[in-house]
Structure formats: structure tokens, C-alpha cells
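Q: Given the structure of chain A, go ahead and fit chain B onto it with the hints provided.
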Amino acid sequence: MTAAPTPLLAIRSLRAAYGKIEALKGVDVEINAGEIVALIGANGAGKSTLMMTIFGKPRARAGQILYEGRDITDVPTHEIAHLRIAQSPEGRRIFPRMSVAENLQMGADATECTDAEREATLQRVFTLFPRLKERYAQRGGTLSGGEQQMLAIGRALMSRPRLLLLDEPSLGLAPLIARQIFDAIRTLNRQDGLTVLIVEQNANHALKLAHRGYVMVNGLITLAGTGAELLQRPEIRAAYLEGGRHG
Amino acid sequence: MTAPSTNTAKPATGIPALFKTAFINALVALVLFSLMVGIRTEAGSDGQLTYWTRFGELASLVGIVFGGSIVMELLRQWIGPTGTEKLVPPAIRSGMSFVGRYLAPALLIFTLLVPVIFYNQRYILDLAILVLTYVMLGWGLNVVVGLAGLLDLGYVAFYAVGAYSYALLATNFGWSFWVCLPLAGILAAFWGVLLGFPVLRLRGDYLAIVTLAFGEIIRLVIINWQSLTGGPNGVSGIPRPTFFGIPLDNSDDGLAAKLGIEYSSTHRIIFLFYLILALALLTNWVTIRLRRLPIGRAWEALREDEVACRALGINTTTTKLTAFATGAMFGGFAGAFFATRQGFISPESFTFQESALVLAIVVLGGMGSQLGVALAALAMIGGFELFRGLEGYRMLVFGMAMVLIMIWRPRGLIGHRAPTVYLTKAQAISSDLVKEGHG
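If you read the sequences in order, they're chains A and B. Residue numbering for the first sequence follows UniProt numbering, starting at 1 and increasing by one per position. Residue numbering for the second sequence follows UniProt numbering, starting at 1 and increasing by one per position.
For reference, chain A alone in the conformation it holds in the complex (with noise of 0.2 Å):
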């Protein structure tokens, strides 16, 4: 993995609320290109605010997002897709009622690329997920939860991302199956170099895959380091490994 110069994607003191409740109080995060890097935390920590708040909502209050070196803190939710950042969100929300063609081809939607493009990262997306190739004529509510997480990813996908930021891959599915969602991850990483940033609570997983990763406690990073480091550190295992009853 080669260190760019600049990240490809930096978050400077970012804050963002719900209305009152700050959700984020100053989060500094980098992801540099080709890297893996996990958030952890608790319920209620900021995760998922802090994926939600880098495409937009809710607008960030104060500090920057800073992609490629540009400030992207105030373009529009739907223009990010277009700087080739996708997202696949929390709780996976697939369209139930579109087929899974329909759903893939979704992600392309948005973006401009050229039938043949379009067509191998369809082909690529296959490779990593069979299962959608099989249920490709399916509605997308028919599949199980580990196909529909496929979808999700294999459908963010589809805009032929730099950037994949992934919310809770792993929530709600068996142990075996998270490990495939998984293994996909690593392998989009290494083969296709693709950069992405993982929310888990899984931290176990998360970590292992992760090159390096952030843990956020109350709307703070508390900790950062690489993965290995991050698991062996006592508070990080009596946290979120061994029972996570001081989360």
C-alpha cells in the first residue's frame, strides 16, 4: 500500500447534529488511498452520522471533509456519488419490489460511464458475488439478508467507486456469511485497489481486516492505530471483544 501524498479522503474537527444532540464533536479522520480503515464504537458512538454526514445528511456544523484535497463539506448529497464516493447504507436498503438487475443497474444510474464499463463492473460484481448472478431476475425483498447485503454492496459498487464506505456489512447475518461479505471486502481492496471505510460493530472482524482503525466513543475518536494494534490493547478488548459491557 503506497501512502499517497495527499488522503483521499480527510475529515478536519468535523461536528454535525440532530437538531439539539451533537452527534459528532470534532472528528478528525484520514483514509489514505488503497487502504481498509474500520470505525468502531458503541451503539450511539457517531458511526453511522459520521458516514451519513460525509454524503451530506445531516450537514455538517463546522470543520471540513476534504476529498482528494477539495472541500466537499457543502456539495449536495446526490453530487458526491458523481466524485465517485459510494455508499452502501446502513440496514442495506435494497429496493424490495425492483429485481436485482433493476437494483444493480440503479447504481449505475447515476453516474456516467459507457455500456461496456457498465458491463464489467456488472461481470466483476458477479465474480465477487455469484449468488447475484443466479437471483439476478429475483425481487430484490426475496432474497435472504447476506444476498440483500450483497446487493447493497455489489449495487454501491456498480458506480465504480474510489471510495466505498461501508455501514454495519456484517449486521444481522450469520457468522459464515459475514465472512464472505468480508473476504469480498479484502478481495476488492487488494485486486481492484479499492479504498474503503468500514463501520462495524463487529470489531473483532472489522479490525483484522482493517489496515488501520478508529475507535469513537461519544461523538470522539478516542483511539487510532493500525488494526493489529488496536486489537491488542487492553481497553479496546474489554470494550468491544470480551463482552463489551464497559461500551
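By construction, these hints were calculated from the structure, which means they are not laboratory data. Bear in mind that the values here come from a model prediction, so they are computed numbers and not experimental data. Beta carbons: idealized from backbone N, C-alpha and C, even for Gly. Treat the hints loosely; a few may be bogus.
Which stretches of chain A does chain B cover? Using the computed rule of at least three CB atoms under 8 Å from a CB of chain B, they are [claimed, not checked]:
| # | segment |
| --- | --- |
| 1 | 65-79 |
| 2 | 108-120 |
| 3 | 227-239 |
A: The following block gives chain B in isolation, referenced to the frame of chain A:
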């Protein structure tokens, strides 16, 4: 009528349970109808209250409820709601799919031939024009409600805007129908966008309330802006449409005289019939085309999940506004047609009841299904006429029909939604890709 029996998760079967349900229903009916039907009150000649009893009617109503609930319960057990396994023989099922495939083309051919078959039956032609108007309105509203999932209770506003646009432009400036038709559509679309802006952030119930109010606002403005719209008196003397400049009347430069055939007032009716048919088919064609384009897909995705849409880079603002504008435009076209057909329009034609009727057509037809909407319009409008003899009871019949359809086909007559994206070529899935436990 079978309310008590629907609550049980798994309806008990067997004769005693059947009679028990029917008895409970009859009892409920007895309590309800004893005051509503059993006792009739009226103001007497001197203004005093007189009343008399109608136990015969009461008894027959309770009897109908008793028998009806037995029949309903039996039907329910035989047919069952959608989703339960049905005991339909494969032969019948394949026959049904055959009918399903050829129903739409057959209907279209029949519709094209209606003026030929019923040439001398003015009543049927008028009814057919009315049905087609509602088919068009249904298809137009289908874009907003069925595809984009935005519940619009004020669709009649756009119908009114279209009608008044044509009526006022034609009577004040003498512009021809063919110039005014696109203008009416554009104006209605403009009002659609205007409605769209304030409701961008609203969903579901709240959206429905605002659109309902919008429909009323347009109607009240029309009533009160006397100097422009003529208020409750309406606009009369709206010019009839011409065959691209050639009038369809008994004059020397009329179409009949030019073609050298004998004039008949039916010509104009037939012309109107094909005009609305063409407009309706245009609506249908545009909708089908749009569904295959990114914008149509975005509408449907918006109906499914707005947050996901935004994350995928879809501009939800423009997507919603185009849905409102497209739906409104077709409403405007239909309105212009309505004005030229009637020759007279007044605010009375654009009440909430019209909105409700069109919405009922869309919901009963199956939201998003073009064929379903057409069939529902035919059933609703045709049905209204069919049961005209029943007068006061026909609304009762329709209420019941709606309840029954919603019980048995909760997604509408045609709830199936055909996907619009396919694999470009038939691709066999090689077995090495498909392995158990490998996503």
C-alpha cells in the same frame, strides 16, 4: 360485514364455525340496521316528528347479511387471499397466463374497433369516450402514485388547469385546439412543479393532506376569480376541436362536405373517440418508455427507499418534481380534451370526488400496472353506468366491490410488476460459480 371473522389468524373451518360467524355478523347487522333502517323518521306536515317502523326491510337485510357472510366465508376458504397456496389446476393456470399475455393487445384491437361496431349507438360511444378519459387520467396519476409512490389526492387540480387553460385560451384568443393542447399540458406541468416544491419534504399522510388542499385551492380560486374564469357559471361556448383546421360540422368547408359524404353528427363523436384514444395511448407509451429510462427507474426507486436513492447519487428533488410534472401534464391534456368535448366547463366538474375516483382506479388496478389501471377504469366507469338503474344502491355495490378486491387482491387487479432490466443475452450460469456456501 365479516369483520369479526377476519380477526382470527387462522379461520376455523367446519359448519358450526361457519354458522357462528354468520350469526355474529347478523347480530351486528341487526343492531346497526335497527335504527338506520328499522325506524324511519320524517318531519310531518306540521313540522312534528313522525316515525314508522319497517321491520320487513330490517328482517330481509339481516337475512342478507347472514346468508352473505356464509357465502363470503366459503369463498374466502376456496379462493383465499393472495400469497396462500391455491388449488388451481395447472391447465387453468396456463390458460390464465395465455389470457394474460394476449389480453392487452386484444383489448386494444377491440377499442380501435369500437366506433365501427357501435357506429349508431351514440350512448355507447359517449360512454367509451368517458371510460377512455378516465383511463388516461388513471395512467397519468399512475406516474405519480404508482411509480413514484407520491400519494396525490389533488390530481383533479391539474385536470382543471388543463380544462380551463384550453377553455380560456380558445374563447378569449380564438386559438385552435391543437395549439392549446400542448399549452394546457405545459401549464398543468408548471402547476405540478409548483405543488411539488412545498411538498418535497413531505411523505405519506402529510403529502396526501397537502395535495388534497391543493386540489381544493385550485377549485376555490376558479370559483372566486369571477373576472377570469366566470366563477360558478363556468365557461361556455368552448370551440369544438377541428380536424387539423377543418371543422367537423355541417358547413360548406366542413370535413363531411370536403370528403363528399353526407354529414352526420356521429363523425364528431368518433373523432373525439379516436382523439382521446390517441392521447391515452400517448400517455401509456410515454410511461412505458420512461420506466425503461434512468428517470423512470429513479421514480420507482424513490418509491422504495429515498435514503438509498440519495446515497446512489440520485437528485431526489428533480426526480420528485419531474414525477409531479409528468403526471400533471397528462392530467392537463385530459382536461383540455374534457373541455373541448363538453363545450362547457364549470368548477363542479373538478371536485374532490373526481380525484378520489381516479385514485381508486389506480389503486384497484394495481399501482404501477398499465393494463390493471385500464381494466379498473373500464370496470369503475362502465360499472357506474351498468348499475345506473340501481340509483342510490350503486355506490353501495361499488363500496362492496372495492372491499372485496382489496381483500382478495390487496395489490390491485394486476399486482405483478414486470422488471425493466434484463441480461442482454441469455447467459447460462456455469456450475463453478454456483457453489453451496459461496455467496
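Q: Are the hints correct? Go through all of them and say.
A: Going through the hints against the structure:
1. 65-79: Check passed, 4 qualifying residues.
2. 108-120: It holds, with 4 qualifying residues against the three required.
3. 227-239: The restraint on the segment 227-239 of chain A is violated, since only 0 of its residues have a Cβ under 8 Å from chain B and three are required.
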